[in-house]
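> Protein chains in written order, with the working numbering: chain A, 12 to 652; chain B, 9 to 234; chain C, 18 to 314.
Keep in mind that the hints were calculated from the coordinates and are not lab data.
Small disclaimer: the values here were computed from a predicted structure and weren't measured.
Any given hint might turn out to be false.
Covered stretches of chain C (chain A as the covering partner; in silico rule of three or more C-beta atoms under 8 Å from a C-beta of chain A) [said to hold, decoys possible]: (1) 48-57; (2) 92-100; (3) 104-118; (4) 151-165; (5) 249-259; (6) 271-278.
Computed list of chain A residues with no C-beta within reach of chain C, every gap over 12 Å [what the hints assert, rightly or not]: (7) F62; (8) Y66; (9) F68; (10) F115; (11) I179; (12) I182; (13) L287; (14) I385; (15) M410; (16) G531; (17) I574; (18) P601; (19) L638.
Quick reminder that beta carbons are idealized off the backbone N, C-alpha and C, glycines included.
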Amino acid sequence: MSPADSSAAPATAPKHAPAHHPDAHPAHEGPLGIAPAGTVHVSHDHHELGFIRKYIFSVDHKVIAIQFMLTGLFFLVLGGLFAMAIRHQVAWPWKPIPGMGLLFPETGGVISPEFYTMLFTMHGTIMIFFVIIPLLTGAFGNFLIPLMVGAPDMAFPKLNMFGYWAMIPAIFFAILGFFVEGGAAAAGWTAYPPLSTILSAAPGSLNGQTCWLMALTWVGVSSMMGAVNYVTTIVKMRAPGLTMMRLPLSIWGLFISALLQLFALPVLTAASILQLLDRTLHTGFFTPSNLLVNSVRPEAFQSAGTAAIDAASGGHPLLWQHLFWFYSHPAVYIMVLPAMGFASDILSVHARKPVFGYKPMVYSICAIAGLGFIVWGHHMFTSGMNPALGMSFMVATIMIALPSAVKVFNWIGTLWGSRIHLTSAMLNALAFVSMFIIGGLSGIWMAATPVDIYIHDTYIVVAHFHYVVFAGSVFAIWAGIYHWFPKMFGRQMNETLGKLHFIGSFVFTNGVFYMMHQLGLAGLMRRTADPYTYTTYAHLQECNELITICAFLLFAWQIFFVINFFHSMFWGKRVGRNPWKANTLEWDAPSPPGHGNFDRELAVYRGPYEFGSPEVAEDYLPQTRKLGDGAGKPAPAHAHH
Amino acid sequence: MSQATLAPHAGAHGHHGHKADAAAYDPAVDAPAEHHPIFDYDSGPPVERGKFAIWLFLATEVMFFTGLIGTYIILRTGSAAWPNPEERLAVDITAFNTFVLIISSWLMVRALQAAQKGDRAGILKWLGATILGGALFVGIQVYEYIELYKHGNWPNVDIFWSTFYAMTGFHGLHVVVGVIWLICAWFGAARGRYTAQNYMGLELAGLYWHFVDLVWVLLFTIVYLF
Amino acid sequence: MSLLNPSNGWWTALAVLVAALLVLVTFVKYTRLWLVLLIGLVPVLGVWTFVKAPEWGLWFPEDVSTHGKGMDQLFYMIMWMVTFTFVLTEVALVWCVFRYHEKVPGKSLFTHGSHKLEMIWTAIPAVALLVIAFAQIGTFKRIKFENHWPTGGPYSAQKPIAHVIAYQFAWLMRYPDENGSFDSVDVVESPFDFVVPVDTDIMFHLKSRDVLHSFFLPNLRLKQDAVPGMTIPMWFKATKVGEYDLICAELCGWGHYKMAGKLIVKSKADYDAWLAQKRAELKSNGKADLSNMEEGQ
Ligand code: HEA
Ligand code: HEA
Ligand code: CUA
Ligand SMILES: [Cu+2]
Numbered sequence: 012m013s014p015a016d017s018s019a020a021p022a023t024a025p026k027h028a029p030a031h032h033p034d035a036h037p038a039h040e041g042p043l044g045i046a047p048a049g050t051v052h053v054s055h056d057h058h059e060l061g062f063i064r065k066y067i068f069s070v071d072h073k074v075i076a077i078q079f080m081l082t083g084l085f086f087l088v089l090g091g092l093f094a095m096a097i098r099h100q101v102a103w104p105w106k107p108i109p110g111m112g113l114l115f116p117e118t119g120g121v122i123s124p125e126f127y128t129m130l131f132t133m134h135g136t137i138m139i140f141f142v143i144i145p146l147l148t149g150a151f152g153n154f155l156i157p158l159m160v161g162a163p164d165m166a167f168p169k170l171n172m173f174g175y176w177a178m179i180p181a182i183f184f185a186i187l188g189f190f191v192e193g194g195a196a197a198a199g200w201t202a203y204p205p206l207s208t209i210l211s212a213a214p215g216s217l218n219g220q221t222c223w224l225m226a227l228t229w230v231g232v233s234s235m236m237g238a239v240n241y242v243t244t245i246v247k248m249r250a251p252g253l254t255m256m257r258l259p260l261s262i263w264g265l266f267i268s269a270l271l272q273l274f275a276l277p278v279l280t281a282a283s284i285l286q287l288l289d290r291t292l293h294t295g296f297f298t299p300s301n302l303l304v305n306s307v308r309p310e311a312f313q314s315a316g317t318a319a320i321d322a323a324s325g326g327h328p329l330l331w332q333h334l335f336w337f338y339s340h341p342a343v344y345i346m347v348l349p350a351m352g353f354a355s356d357i358l359s360v361h362a363r364k365p366v367f368g369y370k371p372m373v374y375s376i377c378a379i380a381g382l383g384f385i386v387w388g389h390h391m392f393t394s395g396m397n398p399a400l401g402m403s404f405m406v407a408t409i410m411i412a413l414p415s416a417v418k419v420f421n422w423i424g425t426l427w428g429s430r431i432h433l434t435s436a437m438l439n440a441l442a443f444v445s446m447f448i449i450g451g452l453s454g455i456w457m458a459a460t461p462v463d464i465y466i467h468d469t470y471i472v473v474a475h476f477h478y479v480v481f482a483g484s485v486f487a488i489w490a491g492i493y494h495w496f497p498k499m500f501g502r503q504m505n506e507t508l509g510k511l512h513f514i515g516s517f518v519f520t521n522g523v524f525y526m527m528h529q530l531g532l533a534g535l536m537r538r539t540a541d542p543y544t545y546t547t548y549a550h551l552q553e554c555n556e557l558i559t560i561c562a563f564l565l566f567a568w569q570i571f572f573v574i575n576f577f578h579s580m581f582w583g584k585r586v587g588r589n590p591w592k593a594n595t596l597e598w599d600a601p602s603p604p605g606h607g608n609f610d611r612e613l614a615v616y617r618g619p620y621e622f623g624s625p626e627v628a629e630d631y632l633p634q635t636r637k638l639g640d641g642a643g644k645p646a647p648a649h650a651h652h
Numbered sequence: 009m010s011q012a013t014l015a016p017h018a019g020a021h022g023h024h025g026h027k028a029d030a031a032a033y034d035p036a037v038d039a040p041a042e043h044h045p046i047f048d049y050d051s052g053p054p055v056e057r058g059k060f061a062i063w064l065f066l067a068t069e070v071m072f073f074t075g076l077i078g079t080y081i082i083l084r085t086g087s088a089a090w091p092n093p094e095e096r097l098a099v100d101i102t103a104f105n106t107f108v109l110i111i112s113s114w115l116m117v118r119a120l121q122a123a124q125k126g127d128r129a130g131i132l133k134w135l136g137a138t139i140l141g142g143a144l145f146v147g148i149q150v151y152e153y154i155e156l157y158k159h160g161n162w163p164n165v166d167i168f169w170s171t172f173y174a175m176t177g178f179h180g181l182h183v184v185v186g187v188i189w190l191i192c193a194w195f196g197a198a199r200g201r202y203t204a205q206n207y208m209g210l211e212l213a214g215l216y217w218h219f220v221d222l223v224w225v226l227l228f229t230i231v232y233l234f
Numbered sequence: 018m019s020l021l022n023p024s025n026g027w028w029t030a031l032a033v034l035v036a037a038l039l040v041l042v043t044f045v046k047y048t049r050l051w052l053v054l055l056i057g058l059v060p061v062l063g064v065w066t067f068v069k070a071p072e073w074g075l076w077f078p079e080d081v082s083t084h085g086k087g088m089d090q091l092f093y094m095i096m097w098m099v100t101f102t103f104v105l106t107e108v109a110l111v112w113c114v115f116r117y118h119e120k121v122p123g124k125s126l127f128t129h130g131s132h133k134l135e136m137i138w139t140a141i142p143a144v145a146l147l148v149i150a151f152a153q154i155g156t157f158k159r160i161k162f163e164n165h166w167p168t169g170g171p172y173s174a175q176k177p178i179a180h181v182i183a184y185q186f187a188w189l190m191r192y193p194d195e196n197g198s199f200d201s202v203d204v205v206e207s208p209f210d211f212v213v214p215v216d217t218d219i220m221f222h223l224k225s226r227d228v229l230h231s232f233f234l235p236n237l238r239l240k241q242d243a244v245p246g247m248t249i250p251m252w253f254k255a256t257k258v259g260e261y262d263l264i265c266a267e268l269c270g271w272g273h274y275k276m277a278g279k280l281i282v283k284s285k286a287d288y289d290a291w292l293a294q295k296r297a298e299l300k301s302n303g304k305a306d307l308s309n310m311e312e313g314q
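Next comes chain A alone, as it looks inside the complex (with noise of 0.2 Å):
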């Protein structure tokens, strides 16, 4: 029998510490002020709050959560907008978007080609940093952590406010960059210099640049709190018997992400700061000296003197791409590795069976993540740099789809001989699994760096990305929504309106992103206004044309989605503890929990996916049930027994 189902004790017992305030640590603390291991119990404060202090300034990380996951969902119907409007242009270019004479008359509503620049280089930093980012850990890391592992509230409340506060300066300049001089940012979301760092370069480049590196630097300052944040509270506020190895692997995931972004973020924000520095003060860190642009010559270092340049000569892009990668390869995972362990939570509790291998995909996830730091030379196999480190990549790169392999192979093992609910939550994590295979193995290709130079900057990319960060990870935060809906709101989404939504989404995504993989075989170049002005092109233009069909049907069909989640918010259908018979924490803490969360105490007996155990007579067995000696009694008091 596996580790994973003894009902042995918790290997902390809970003892009864006197009562204390957390923050205040008693005189009878060790030397070391390290409190004993046990419960300690925080008097009743039910003081009612008022709708300010419990709303907007809350330090309840349940109304965060919401905060942070209404926020991205606002931006996912925004970054959606954009992507259809490039869809527009990149299948008749030129010609004007119906209805949005109204917004650029000037225009007609024709997109220009610089709008163009601005439009995806906003819709790929409003996607990864302001939807799924902050939808995977701002929204559920702050909503599951202290579930999940039997805590309060976050080990730092008020660090936990301030965390989603400093999304809000984000927000401002990300959209005050379409209203400033010059534009929004225009330089993609990998902001490459020099096209980033001269004023003169591009439209976007004058005020809007900064624009974007001011919300990228607080986006970071935001994430940065929150993972200090998430690490402490898994590590520290664990209830008794819950070891690491009996976290459910949506934790695993979170715990792992916030790590990365621990340990890469920082260097982007230095990378921004840098960046920041040339644009403004004319420092020269990614520009190299002597450059003419538009028969003008850049800021950096216009005023020195030759002797200067000799002595010194002037900065590296390629500097950036290293620097920006270091934190946006990491950035991938943290994208996937908190949607992968939704996927594992959600799989095996609507199919009814443990997950297959919990220690090799815990193991996986760590190994996903530590690679991850070592690859991210993959996105410049042809950018320049030495083509020696190319190959210390790419072999790092491959390597990665090893950890990879493990987690799919064991999701098709959890799934083999389960007794599967079809379930909309459990439809949209199957839907993730079907298409992050497709997405993993498009990036052997990329991998591969004879490939690579071919189809480098190629739709071959932006099928793959996509594939991972949307069918992949978007798909996993509708299967989250679905399943944890329930503790957050106490009400059940409809499952006609799920089903409905998940079946138009899986089609149209693939009609939208598959037939991409043949584009950019074609050689289609990706972050281009008019593809067709070239021979090489001309011939694509139908199948572009079938792709955005698809992706107007895909964008009108969330309109069920946004009926289902409004509706069942005040309306839907009212729920227990625990409507899917689920094994973990959270599913002990009344529907939606309130203040402090547990109304019981908790003791950890076992792993978090004990279905199916021949032990007792139902099909599911939660982490906190105690077995034996106990005669299946109940050992923590209930105040309604």
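Given the coordinates of chain A, assemble chains B and C with the ligands onto it according to the supplied hints.
Chains B and C with the ligands only, in chain A's frame:
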């Protein structure tokens, strides 16, 4: 809808008194207990949460400076030529400044020792000296910047100055933050916040201060000496 | 290429829509059936589109280079491997959804994993991945590594055929004067058109005057970013006379999409004639236009 009957055997003798149809809302079981204590558990390594978090924070700081120092190393090794720092910078003054910062680290250790003994006057004395050391460091650095500026050496002149100002400037900002933190701790000490049993706040500030000093030793070595 | 024929495009869309609606109205009732079919359709349609794509013109453009062969072969090799993995995993997934539904009596198989299986499905992909990793090294070295650069022929890293200079939003090819010098007023300048002889090892220097650009020849499977401040030597060998698109493949500003050049591959005789004529034109016109500088100097 199917999720209503998820489990094939909906046993009534579930734990926590879960009833047969778990999906339906039953206020008798599902309503939150009205008056309940808040359960807050401790786990993991025997470190205080705040201390644990400050280590995580310092890890991010290490990575931040890794980014800056990495930039410096790459730009310098990638440059055709690099000026001799001794010709451009007043190394002796900065060497003295480095000494000041190292001493202040030692003063901080003394402050913490005083706190461990519960000696409030000692804390105030040693911490005050630490703060003065930090302030002196910032003062000398500002003086250095002013002198450099007077000679027309500004970040936009060449890549040497760009990297010089970026690294020393961000370090300087950290010192300022550290000094402010220490000042807050000093007032805290004056109000008797630290006892022989609980001096966590002072310890955290000290950790940060030592980190800032350590980074400076590194920066001084690579920017001024090599 | 009937499916994507422009006149049929809307019909295809309509057909997709009708099919989708059909699935839709019945999905809520026949969830499992449709899901099995749809997830099953993913590998079927996926493989089918890859089979049909060359027919639709959604495939590699004609390869007219010596680099292309190794690269395409590597692509196909990986394609077979990932197609196998893709079909295998999707079929397993579909099978599970089909077979293991909630109405099957009894509990699920109670297992927490299998050490043996984990070993198997770690080891087999590990071997496959190592094969992929090693299979590509030779091809990449041949294209990129210095010790594979052409020597002995007419063009080498020291004697490039031309300097290719990218700037917003144009290409400028500078051919050396008769003495092989690029610092001369007799340098031949060819805006947008990169003229090279066929069946010859071509070596050129890639530069940028302002921001990043990328030199992309789809028909020669060649792509290299042009980086301001760097001079990057590149080589290729074209095997067929003709005109091919030279595409800027790195975002370089609003005009990125129209930074089109041409690679004109001529027979050796035609190439020599072209160069001679250009040089003669120069002499008759006076001097080269010096306002076009390589870098900003
Ligand atoms: C969630 C996000 C996410 C994830 C998970 C991944 C995962 C991977 N990515 Fe991707 N990637 C992006 C997001 C992501 N990527 C983005 C956003 C970009 C573009 C950025 C830009 O330029 O704008 C990008 C670009 C990108 C490039 C650069 C392409 C280029 O610009 O030329 C490369 C190159 O190597 C790459 C490789 C990989 C690999 C090898 C994986 C692997 O982790 C995948 C591993 C998974 C599998 C392989 C599938 C499962 C395995 C099996 C079923 C069995 C075993 C398989 C075999 C035996 C083959 N990615
Ligand atoms: C997480 C990231 C993410 C997501 C989700 C998407 C989603 C989409 N993306 Fe994009 N994309 C990027 C990240 C993402 N993208 C990045 C990083 C780039 C590169 C940018 C660059 O080059 O710099 C890019 C670039 C990019 C391009 C290439 C542009 C170019 O190079 O010229 C294209 C073209 O087709 C495209 C299309 C789409 C489409 C059709 C969608 C569709 O899937 C979108 C459909 C939208 C929805 C389905 C949202 C609907 C809303 C809801 C579901 C929420 C509603 C709920 C409530 C309010 C309760 N994207
Ligand atoms: Cu030049 Cu894109
Ligand atoms: Cu990557």
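> Hint by hint, say whether it matches the structure.
Okay, the hints, checked on the actual structure:
no.	hint	verdict
1	48-57	holds (count 6)
2	92-100	holds (count 5)
3	104-118	holds (count 8)
4	151-165	holds (count 8)
5	249-259	violated (count 1)
6	271-278	holds (count 6)
7	F62	holds (39 Å)
8	Y66	holds (35 Å)
9	F68	holds (41 Å)
10	F115	holds (16 Å)
11	I179	holds (30 Å)
12	I182	holds (25 Å)
13	L287	holds (18 Å)
14	I385	holds (14 Å)
15	M410	violated (7 Å)
16	G531	violated (9 Å)
17	I574	holds (15 Å)
18	P601	holds (27 Å)
19	L638	holds (15 Å)
The structure is inconsistent with the numbered hints 5, 15, 16, although it conforms to all the rest.
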